[in-house]
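> The residues making up each chain are set out below.
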Amino acid sequence: MINKQVSSVASAVADIPDGATVMVGGFGASGSPIELIHALIDHGAKDLTVINNNTGNGEVGLAALIGNRQVRKMICSFPRSSQSKVFPELYKEGLIELELVPQGTLAERIRAAGAGIPAFFTPTTVGTVLAEGKETRDFDGRSYVMEPWLKADFALIKCETADPVGNLTYNKTARNFNPLMCMAATTTIVQTRKLVKSGDIDPEHVITPGIFVNRVVEVSDPVHEDTLIAEGRRYP
Amino acid sequence: MNAAASTGWNREQMAARAAQDIPDGSYVNLGIGIPELVAKFVPEGREFIYHTENGMLGMGPPPAEEERDLDLMNAGKKYVTAVAGAAYFHHADSFSMIRGGHIDVCVLGTMQVAANGDIANWSTGAPGAIPAVGGAMDLVQGVKKIYVITQHTTKTGDPKLVEHCSYPLTGPGVVSRIYTDLAVVDVTPAGFRVVELAPGITFAEVEEKTGAQILPPG
Chain A
86 MINKQVSSVA SAVADIPDGA TVMVGGFGAS GSPIELIHAL IDHGAKDLTV INNNTGNGEV
146 GLAALIGNRQ VRKMICSFPR SSQSKVFPEL YKEGLIELEL VPQGTLAERI RAAGAGIPAF
206 FTPTTVGTVL AEGKETRDFD GRSYVMEPWL KADFALIKCE TADPVGNLTY NKTARNFNPL
266 MCMAATTTIV QTRKLVKSGD IDPEHVITPG IFVNRVVEVS DPVHEDTLIA EGRRYP
Chain B
8 MNAAASTGWN REQMAARAAQ DIPDGSYVNL GIGIPELVAK FVPEGREFIY HTENGMLGMG
68 PPPAEEERDL DLMNAGKKYV TAVAGAAYFH HADSFSMIRG GHIDVCVLGT MQVAANGDIA
128 NWSTGAPGAI PAVGGAMDLV QGVKKIYVIT QHTTKTGDPK LVEHCSYPLT GPGVVSRIYT
188 DLAVVDVTPA GFRVVELAPG ITFAEVEEKT GAQILPPG
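Taken in order, these protein sequences are the chains called A and B.
Start counting the first sequence at 86; every next residue gets the next number (our numbering).
Start counting the second sequence at 8; every next residue gets the next number (our numbering).
Some clues are possibly wrong.
For lysine-lysine, the following DSS-like pairs were computed, each having C-alpha atoms within a straight-line distance of at most 27 angstroms [as the list claims (entries may be wrong)]:
#1 A:Lys89 with A:Lys219
#2 A:Lys257 with B:Lys162
#3 A:Lys257 with B:Lys85
#4 A:Lys158 with B:Lys84
#5 A:Lys257 with B:Lys47
#6 A:Lys170 with B:Lys47
#7 A:Lys279 with B:Lys85
Where chain A lies over chain B, by a calculated footprint (3+ residues, C-beta under 8 angstroms) [to be verified]:
#8 141-155
#9 173-179
If you're looking for bench data, these hints aren't it; they were derived computationally from the structure.
Yeah, the Cβ is synthetic: ideal placement off N, Cα and C, and Gly gets one too.
Next up, chain B with everything else stripped away, as it sits in the complex (with noise of 0.2 angstroms):
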């Protein structure tokens, strides 16, 4: 852990190198975990206006305990605030919003996704587990643009790229850039692709963890 600690990027460099592929004024929304750290990282000079599959549009920043409203939840079901602009509505037009089209770009965890753009985020399909898939069906299949941020291995250093998802699917082809504390990887025609080493990482590194065809960058 101390060597891989010294090289590549934290969960806070993956989230800052995240926003800066959001261009100006988008519609965005933030899986739980590393994506939620996204929002503490808006480039100078953009703004983002952060949809919660709940309904709202204009999510900001946790309250101080207490100023919290009990009624004024994310999808994660954490206390947030409203920014100067904010709107409220239901879970018809919320996921309308996302089914729809009408969202820019969904940053999302994930277990597994493949060479192909498929994710598997949202169950083991272990035995005796219980199924629970909240939204990320459908907004794996309705926002625009699907970004991942994820460790680029398991805790016990198992590839999370893959040639394959073994994990139920999420959602087929549907991931177009994936961050994780290695690199910057697109999802391509012909399968993955650096397209950004982390500091310290060698393309060599990265294609030794992952566990499909990986083109090297350029």
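Chain A with its partners taken away, still in its complex shape (with noise of 0.2 angstroms):
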């Protein structure tokens, strides 16, 4: 009987080697596997290309994991905010490079990576020092710039719900980018507020199929970006 579930956020990191590229899920606070994230500092894999959105918050989850110089580089839209410091400080030292994606092309690159599909053509960057050096093409009178995949070895990922065979649901605006990621990882690790029975979840109701996921660990009170950041915590 297919059982993914794995007994610890230790143990479902244990084997990121150094030098991998790992996604992690999350949109700012919302979604962001912090305990996975703890874990992989716990772990201590460096040199680290890790994917998402932004850079992390404050010194906890994955500021933490940047600030501890464990990344070498970092592939996101927006990697500064109102309480982003760790990064900033890092990349006006030449400590950790940057690779710039607009977020809808990073979302859709990551979506091609899943999908098998290893270039697509959008209007967004046309114009635009982002697209310099970038393949571009015509379709019905309109300029496209090509964009390549972008796959990982490991997603962390969370997620609401989840069953033993992987099927996952979200919470509201937490779902951002963990869907996409899931599909696009070699090795998917998914931190779930709850564990369920096979069955629990209608079928209708499933957002990432359990064939995008290989394991889940339970982790069924997550701590919350934004209220480590107003109680001061760092990590480690």
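Build the complex from these two chains, which are given one at a time in their own frames, with help from the hints.
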């Protein structure tokens, strides 16, 4: 009987090697798999390429992973915000690389990887510096820029409900990049607030089918990045 | 500043004026800053459905602090609510709505907009600045109508409506209408044209504060 449940966040991330490319779900604080990220900090894999929309906030979660100098390169659309300081400081000192990708292009590159489509054409960035050096082509009289798929070795995902075969549902806008990243990684690791029996999620309500998921770990009372920051916490 | 404050439109009035031009039933995406205020001034008898690019249609106003849901945010990462009939979806669907031309109107702030409709609102291009683009380039290329709300000049008095953008472009030739504290301005094949002057503002004053040729109303 298929059971993708693993017993702890530590065992869930234990085989992530140095140099891996890791997608991290979430948009800002919502949908960010904080417990899996902290487990990755404890595990210590370094020289990572991390894909997320942002670069974390405060000194917890993704910002703490970056601050712990485990990340060589960030691929994201918006690397600064009102509460991000770890990435900006390292970037200004030339200690971390940045690949800037418009948000919709980032989402579609990830989706394309999961869908087996090596590249696609988008109007986004046409006529801007972000299109420089990229192949363009005209369709129906309009120019489009070619963008390649974006794959990862691992994805760290947060969801609301999971079952043992890896079917997932999400909560509100915490869905964001999570379903796309599940599709695009070789190994998808999910933390779920509730782990239910097979059959307890109505098949009509499944958002991510279990075929895209490899490991599920229950984190029944997940911390939230905004709460940790408000409390002045840092990790480790 | 005192003289300027006695004439023209304030932030709320600029947003209210922009709201007048959005048809009933429109799907609308509002940028951060003054554009967010448009939601406060929906004309009587009209309903807009708000899209937020992190994955929601039917975004409602901010919640009371004790009622906020930490998993319910807008693209500016502020806590919001969901109205009856709202829908959640992932980022690829959300940007399919944008890029695929399904969103009717996007109202954005800007650093510069040019007489040919070019917009520059994502980066000053200054050395050492950390570039951050978010969804701006997707929005300007995909949404059917791009409206801009902005002060007519910068804090130091430099024009924001210019002949050519000196900052890096977000997108070329995409803006159709601009709402400033002084006027409503259309981007036409002949360049900027004033559609309406704010109370107490003369065309000569708008012309003086615009960094490109601008045509009078009519």
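> All the hints need checking, so say for each whether the structure fits it.
Outcome of the hint check:
The hinted pair formed by A:Lys89 and A:Lys219 fails the criterion: a straight-line CA distance of about 40 angstroms is larger than 27 angstroms. Distance check on the hinted pair: A:Lys257 and B:Lys162 sit about 39 angstroms apart at the alpha-carbon level, beyond 27 angstroms; violated. The straight-line distance between the Cα atoms of A:Lys257 and B:Lys85 is roughly 14 angstroms, inside the 27 angstroms bound, and the hint therefore holds. Between A:Lys158 and B:Lys84 the CA atoms are separated by roughly 24 angstroms; this keeps the pair inside 27 angstroms, and the hint holds.
Under the criterion of a C-alpha separation no larger than 27 angstroms, the hint pairing A:Lys257 with B:Lys47 is consistent with the structure, at around 24 angstroms. Restraint check for A:Lys170 and B:Lys47: the C-alpha separation of about 33 angstroms exceeds 27 angstroms, so the hint is violated. For the hint pairing A:Lys279 with B:Lys85, the CA-to-CA distance comes to about 26 angstroms; that is within 27 angstroms, so the pair holds. Judged by the Cβ-Cβ criterion of 8 angstroms, the stretch 141-155 of chain B is covered by chain A as claimed, because 7 of its residues qualify and three suffice.
Note: the stretch 173-179 of chain B has 5 residues with beta-carbon separation from chain A under 8 angstroms; the three-residue rule is met and the coverage holds.
Consistency with the previously given hints fails for numbers 1, 2 and 6, ordered from lowest to highest.
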